[in-house]
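Asker: Using the hints, position chain Z against chain A.
Keeping their order, the protein sequence lines are chains A and Z. Counting with my numbering, you get residues 5 to 118 for the letters of the first sequence. Counting with my numbering, you get residues 23 to 174 for the letters of the second sequence.
Among the clues, some could well be false.
[As the list claims (entries may be wrong)] Here are the computed lysine-lysine pairs in the BS3-like style, where the Cα-Cα straight-line distance is at most 27 Å:
id, chain 1, residue 1, chain 2, residue 2
1, Z, K116, A, K47
2, Z, K123, A, K68
3, Z, K160, A, K9
4, Z, K109, A, K13
5, Z, K123, A, K48
6, Z, K109, A, K48
7, Z, K116, A, K48
8, A, K11, Z, K122
9, A, K47, Z, K109
10, A, K45, Z, K122
11, A, K24, Z, K123
12, Z, K123, A, K8
13, Z, K122, A, K24
14, A, K9, Z, K122
15, Z, K109, Z, K123
16, A, K8, Z, K160
[Stated by the list, open to error] Pair by pair, the computed Cβ-Cβ distance ranges are:
id, chain 1, residue 1, chain 2, residue 2, range
17, A, K48, Z, T66, 41 to 49 Å
18, A, A103, Z, D55, 15 to 23 Å
19, A, A103, Z, A169, 32 to 40 Å
These aren't lab readings, by the way, just hints derived from the structure by calculation. Even for Gly, the Cβ is constructed at its ideal location relative to N, Cα and C.
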Amino acid sequence: MSEKKEKLKRKSDATIDAFKSQRLRWVMGRSQIKVEVEEDKYKKAVDSIMHDEVERSLIKGALKEKGPLTVEEISQLTGLQSSVIVQHIIALRKNGAIAEAGEKNRQYLYTCVS
Amino acid sequence: MARQDILGEKAKEEFEPVIVAYCCNWCSYAGADLAGTSRFEYPTNIRIVRIMCTGRMDPTLVLEALSMGADGIIIAGCHPGDCHYQKGNYMMEKRFEYIKKAVESIGIEPERVRLEWVSASEGGKWAALIREMTEQVKALGPSPFRATANSK
Numbered sequence: 005m006s007e008k009k010e011k012l013k014r015k016s017d018a019t020i021d022a023f024k025s026q027r028l029r030w031v032m033g034r035s036q037i038k039v040e041v042e043e044d045k046y047k048k049a050v051d052s053i054m055h056d057e058v059e060r061s062l063i064k065g066a067l068k069e070k071g072p073l074t075v076e077e078i079s080q081l082t083g084l085q086s087s088v089i090v091q092h093i094i095a096l097r098k099n100g101a102i103a104e105a106g107e108k109n110r111q112y113l114y115t116c117v118s
Numbered sequence: 023m024a025r026q027d028i029l030g031e032k033a034k035e036e037f038e039p040v041i042v043a044y045c046c047n048w049c050s051y052a053g054a055d056l057a058g059t060s061r062f063e064y065p066t067n068i069r070i071v072r073i074m075c076t077g078r079m080d081p082t083l084v085l086e087a088l089s090m091g092a093d094g095i096i097i098a099g100c101h102p103g104d105c106h107y108q109k110g111n112y113m114m115e116k117r118f119e120y121i122k123k124a125v126e127s128i129g130i131e132p133e134r135v136r137l138e139w140v141s142a143s144e145g146g147k148w149a150a151l152i153r154e155m156t157e158q159v160k161a162l163g164p165s166p167f168r169a170t171a172n173s174k
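In isolation and in its complexed conformation, chain A is listed as follows (with noise of 0.2 Å):
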């Protein structure tokens, strides 16, 4: 496979996974009826939800695919910074999603769990 089809098969798995996720249905779900807040504002807020659900499910895709691996290797298969990728571990991690998988090189190794 060549390396844009997957670069581009990886990123529509990931929005399809997003799509999937209940966060992301639970908001627009609720953009759906009456909302009490700017819509501006809630618009924004599904916005950056989205980026980050096909952040996530990029991480995991990464994951599932080829972990456990190490912040610096899951940033070379995304294309992701490796900042943007601490953030979304830690909450990874708070969801039972993924789970730490030993040590590589004093980094810490992430494997996929559910």
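Answerer: Positioned in the frame of chain A, the structure of chain Z alone reads:
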């Protein structure tokens, strides 16, 4: 000119897009049916999927169709205020904003995805919509998914 060049040029000219249309059962599907029974001519690039209401449309249906090689997507429902289930099309209208953003973020032109209102009496509008969409998608070229599959 080499034979391959000629064939390549021909293949380019003959690009026939695949457009998936999700039609609501109560208005747009009946509108598409009317277009057929009224003998309106429109391109055969369309693949119609009947759904009960656009409010039932899951965004993943659009994304999955695109990732499977569809070049364009039409979501057609009842006109605002005419929904058989009262507010299904309003739900879709809201959801559609996010679908477009998601499609764009993947790297696909958002023009490939359209939300249209077609009532059961608008057979002519349906035929015109399909003609317009086919021309638009032909101008855009094959979807990036198809293009990368061909370049493999």
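Asker: Next, verify each hint and record whether it holds.
Answerer: Here's how the hints hold up against the structure:
no.: 1; hint: Z:K116 with A:K47; result: 10 Å, holds
no.: 2; hint: Z:K123 with A:K68; result: 26 Å, holds
no.: 3; hint: Z:K160 with A:K9; result: 21 Å, holds
no.: 4; hint: Z:K109 with A:K13; result: 34 Å, violated
no.: 5; hint: Z:K123 with A:K48; result: 12 Å, holds
no.: 6; hint: Z:K109 with A:K48; result: 24 Å, holds
no.: 7; hint: Z:K116 with A:K48; result: 14 Å, holds
no.: 8; hint: A:K11 with Z:K122; result: 20 Å, holds
no.: 9; hint: A:K47 with Z:K109; result: 20 Å, holds
no.: 10; hint: A:K45 with Z:K122; result: 19 Å, holds
no.: 11; hint: A:K24 with Z:K123; result: 16 Å, holds
no.: 12; hint: Z:K123 with A:K8; result: 21 Å, holds
no.: 13; hint: Z:K122 with A:K24; result: 16 Å, holds
no.: 14; hint: A:K9 with Z:K122; result: 21 Å, holds
no.: 15; hint: Z:K109 with Z:K123; result: 22 Å, holds
no.: 16; hint: A:K8 with Z:K160; result: 22 Å, holds
no.: 17; hint: A:K48 with Z:T66: 41 to 49 Å; result: 42 Å, holds
no.: 18; hint: A:A103 with Z:D55: 15 to 23 Å; result: 53 Å, violated
no.: 19; hint: A:A103 with Z:A169: 32 to 40 Å; result: 38 Å, holds
Of the numbered hints given earlier, the model fails hints 4, 18; all others are met.
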